[in-house]
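J.: Respectively, the protein sequence lines represent chains E and H.
Residues in the first sequence are numbered from 1 upward in steps of one, following the numbering used here.
Residues in the second sequence are numbered from 1 upward in steps of one, following the numbering used here.
Be aware that one or more of the hints could be misleading.
[What the hints assert, rightly or not] According to the in silico footprint, chain H covers these stretches of chain E (three or more CB under 8 Å from chain H):
1. 69-76
2. 86-99
3. 263-271
4. 282-294
5. 318-327
[Claimed, not checked] Derived Cβ-Cβ restraints for the label pairs, each shown as a range:
6. H:P594 <-> E:Q230: 37 to 43 Å
7. E:P610 <-> H:P455: 52 to 58 Å
8. E:E232 <-> H:P296: 49 to 55 Å
9. H:F370 <-> E:K508: 35 to 41 Å
For the record, the hints were derived by calculation from the structure and aren't laboratory data.
We treat Cβ as the ideally placed atom computed from N, Cα and C, and that holds for glycine.
Protein chains: 2
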Amino acid sequence: MSQLRLLLALPVLLALGFSARADEGMWPFDLVPTAQIQKKYGFAISDAWLEHVQKSSVRFNSGGSGSLVSANGLVMTNHHVGSGMLEKMSTPGNNLIEKGFYAKTRADEVPCPDLEVNILWSIEDVTARVNGAVQPGMDDAAAGKARREIMSTIESESKDKTGLRSDVVTLYQGGRYSLYCYKAYQDVRLVMAPEKGIAFFGGDPDNFEYPRFDLDMCFFRIYENGKPLQAEHFLAWSKNGTTDNELVFVSGHPGRTERLFTVEHLKFLRDVAYPLQMRNQWRREVQLATFRGRSPENARIAEGEYFGVQNSRKARTGILEGLQDERMFAKKQEAERKLRDAVAASPEYKAQWGDAWDEIAAAEKTYATFFERMNAPGVGNGSLGGLYGTARGLLRIAAEDPKENSQRLREYTNARRDSLLQQLFSPAPVYPELEIDRLASGLQLMTEMLGADDPAVVQALGGLPPRLRAEQLIHGTKLGDVAERKRLYDGKQAAIDASKDPLIALAKAFDAENRAQRKRFEDEVDSKERAGYAKIAQAQFAIYGNSLYPDATFTLRLSYGTIKGYQQDGQQIPPFTNFAGLYQRSEERHNQYPFELPPRWAGARDMLNPNTPFNFVSTCDIIGGNSGSPTINKAGEVVGLIFDGNIQSLVLDIAYEDEVARAVSVDTRAILEALRKIYDCQAMADEIEGKRKG
Amino acid sequence: MSQLRLLLALPVLLALGFSARADEGMWPFDLVPTAQIQKKYGFAISDAWLEHVQKSSVRFNSGGSGSLVSANGLVMTNHHVGSGMLEKMSTPGNNLIEKGFYAKTRADEVPCPDLEVNILWSIEDVTARVNGAVQPGMDDAAAGKARREIMSTIESESKDKTGLRSDVVTLYQGGRYSLYCYKAYQDVRLVMAPEKGIAFFGGDPDNFEYPRFDLDMCFFRIYENGKPLQAEHFLAWSKNGTTDNELVFVSGHPGRTERLFTVEHLKFLRDVAYPLQMRNQWRREVQLATFRGRSPENARIAEGEYFGVQNSRKARTGILEGLQDERMFAKKQEAERKLRDAVAASPEYKAQWGDAWDEIAAAEKTYATFFERMNAPGVGNGSLGGLYGTARGLLRIAAEDPKENSQRLREYTNARRDSLLQQLFSPAPVYPELEIDRLASGLQLMTEMLGADDPAVVQALGGLPPRLRAEQLIHGTKLGDVAERKRLYDGKQAAIDASKDPLIALAKAFDAENRAQRKRFEDEVDSKERAGYAKIAQAQFAIYGNSLYPDATFTLRLSYGTIKGYQQDGQQIPPFTNFAGLYQRSEERHNQYPFELPPRWAGARDMLNPNTPFNFVSTCDIIGGNSGSPTINKAGEVVGLIFDGNIQSLVLDIAYEDEVARAVSVDTRAILEALRKIYDCQAMADEIEGKRKG
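So that you can see chain E by itself, here it is in the shape it has in the complex (with noise of 0.2 Å):
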């Protein structure tokens, strides 16, 4: 309860949404305030500087951040970010999961079977071009679809010139458009991943709250042309480590924001959008925790799913209680109506921006009317498992490839590709029984959506309850096999009409519906809340000036603030945990799951400093996606991990404080001494420490 209690606490200047305050803000690298951070720390952020954070930085495609921290390609990210990859790589016998792995030589380290990370190499502002496309007299529609096609060719124009990967990002909800070019890795190979007991000791429980005592760490290397990426830029590591008060910086991909959303948009998320999509996690959630309750297999191979769905639930429980919070809503209709009182004011404005908050709000409420439906599975958006996604992949392939790359659908065109294709033909393990689940579970929650008698549900379920189709479904495809899959992508449109496998079949009953609904999100939604947003960001630049960062959209972008504890229930929490401390909460907890340390650990006590700092906090701006991020000094060394936020940071999702919400890191040092005392990964520590060359 304690992180309610504590909102009352809140200041009342929690952020407005149209200004950067305090240490506010995830800032694209292209737009960092450094004469903001200059005049309040003195500290003087040089171009170099940027590049050079920049290009060590890393995003995982999976979902998550990382960092380059060795001259021969070594990233640090997550064990919840890797884990993924870990669980893939796993098998009966041998559950990297619960077990740990380290390779000793490279020779050791392992190829994960479908990582894709990305470091961002150059920004460009294509704003013009973009808005350029739009011809006068289109509607709103229209001027949607004549967007997406001149992105589209953007990004295929520069991954022809550059060979980079290359994506056309929309900030401010349709404020501004930038060309993001990333080199793209595929040859990721494991390195080093602690017992899951340590890096996620206290589980769920203790996911998101603070203090906290979890070696939240993953060790990956990139290869290039079959050798160790020969890096340009990597963070050092720290020798002394981090202080109290000291100015920090993250470097990460936010995954998702809403701070700059309109009051009644706000209010489409807090009765629409997040109870449905809540009320579908409770329910996987459940059903998984029942799946893995069947055997040790079965817990095994579902593992980090259901991580997954407890982490989003714990995460939008906390955005849900603050969008159900009257008082932060009446800070938000405040800041809107001071901004719309400013357009009111000036003619001008009124004429180009002043219907910017209705468009938006009618939008909403169209999107209200088919949510539920676009959302469902098979119909709309809803998951059938992956399997599923596989046949529905190569259907759309074959069905949009015959077409001109900028009138695909966007996650088919060219640019795309490589990414798309390492998906569709990753040889990771496919699990019937786990497949089985998750179509039961969506051919359940699709028929009850919209009722067994919908022609869809009749169409999908073909006579038998969603369990038993499912296992008919899955025991009838071969879309298990990759063969099969690269021989339906090879042949085409003609190998996807003759084939009789049975979730081809399926994704084909669906296509018609879910294309259409797609289409009517475009149309009716997602055009409309551009062409809003973008007058409103244009409002906003006009009356605030360039002091407006973007939303979050799993780019990277730069936080910084400082280490700093913070107020709970009356105590003073301090910002740095030990080992001790560790040692002290598996106590409490009678070292039974999740506070049960791992065999290396229970025994090694008295080898480790018990005052070695292990968790810290620090005000910097952060959300889901930056797990994995770099915490960096003002020397460009790494001094932290960050792996969580805590239970006051999730309001951050709607709007920013900085009383009591915290962003979560593991320290260097804890890292170093466990790699030294505890895993015996000398060569490992060597290397980040700048000991050991190539």
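Fit chain H to the supplied structure of chain E, relying on the hints for placement.
T.: Coordinates of chain H only, in the frame set by chain E:
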């Protein structure tokens, strides 16, 4: 998955709901099909046999069944029926659920804080009197009101006359009304409970599964005037137990079935009621799991509630899967068509009953329009926790008591007062943290269901987010104190009016809408269902004769069947398990929770006979509420203790089948051996074996 694969193997003869086949039926004791049983099994059930079994059967008003097993009022039931009491009688330092309990002497038997058990003493058909209250020209709503009034009057008269607890029970959804009179006992004491680890061995994963290895038993003693009840009837313990293919009976209190529902009514359950109820249940299961994870004490105080939610989730999942099976619906449709054709074939029948199905369909259509709001917490029936329930009870009693008895809401009539006051003034512990969690959950759910701008929500939250509001309300209320409840009860309306208690205030805020919802349900749904189902019942009696049993209503029923294994996944499952199997199952699951044996059992393997039958299955027709029912042989002796159905039996809620659906019992031989060898309960074992008097 096995359960669903097996549904495929179901014979075409799935019961059609209008006539009892095979060993189908949960029979009221005044309607037992003795001729049918004699014809099939050659066993003539005498009136004396029926009376003996009836008066040896016990209902736990907390929701379960049991039986008298000694002349001195010893009652046997399931651990999971008694566990609510065990939880209330536990303290942080003395967890009876975990450790078990045995009263070595009568003096050690511990009084339960708020348990009432009933023994059915008489049944009287009062259909004519109830229907006689309906005057010509009354519409369905007025007829419904008239029936409720006369039911309250009959109950009150009977209570005054006999002193017995008197309930008018609606059978056949309105086709028959019976007056059930019970001896009611509120002085019930705990005698013996094993550890939950053996009572619920296998936990949620094995719940509703078979083969099974659970000692799901618990013993209480009824006291009368401070002394052990001298029971007129009790079940003798069978010397030899039961055997494969033997005819057995189950006497207990099945809670609810929906076998007589019309097709449109079942569709309402499938598409409206169950999906909504289940999604609230998934949610609560996760919330309770996270609450329990926060500390060992949280785990203790919420254990029973968590089990209840899990158990109900698994049961409802099975029922919903049945409802989502088109093949089941086809059979229901066929049966309904046959009956409707038979009615349509007779002008007289058609005029009397022909519109019944459409009438019910219209009622469900109406209900669907307000079902969600009616099931929201606060304004509807959704829960806001135990203390809120107390507040609403006090508010309602004060408002209802001044009314003439027949005009009151049914739960506040004179005949129900003893039970009501026992609950209201229960000294069972109240845990503020758990109450906060329940209330917060309810307020959140209400906010999600109605939207945060709904006036009822705005009023309920008072400007705070749900959890913070829940903390404020629970910290502010005094209703945890029994003396305060008594003060408000004794002070009547004046005390309620003067009360500043925040939970009383909240109940007041919701009262008008809550009553309006209920009235709307009674007038527009319940009254119409009763009218429609009364017609269908009459049509069935006319066309099929008396071979029809009513749906379950948590009143005493007799089922019968034989001890019999079944086929599952192509394997023959034998009817009996034994102690050897218990140890084997524990080893297979690495002795890990919930397959971890309690210390007493882990060390006792060599003391036990490995071949002692432990659990067994029979074809007896049971459902939730039958938990704790005795399984009885022809001699009227107890041979088993019902504690579960297999997963294939969940569909019994809507349709009978006996190919694979099975009732699961603890074998009395295992009970006796455990009492003597594991628990050293010699006095109790002597008592149930009839070796000890007084």
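J.: So which hints don't hold here, by number, going up?
T.: 1, 2, 6
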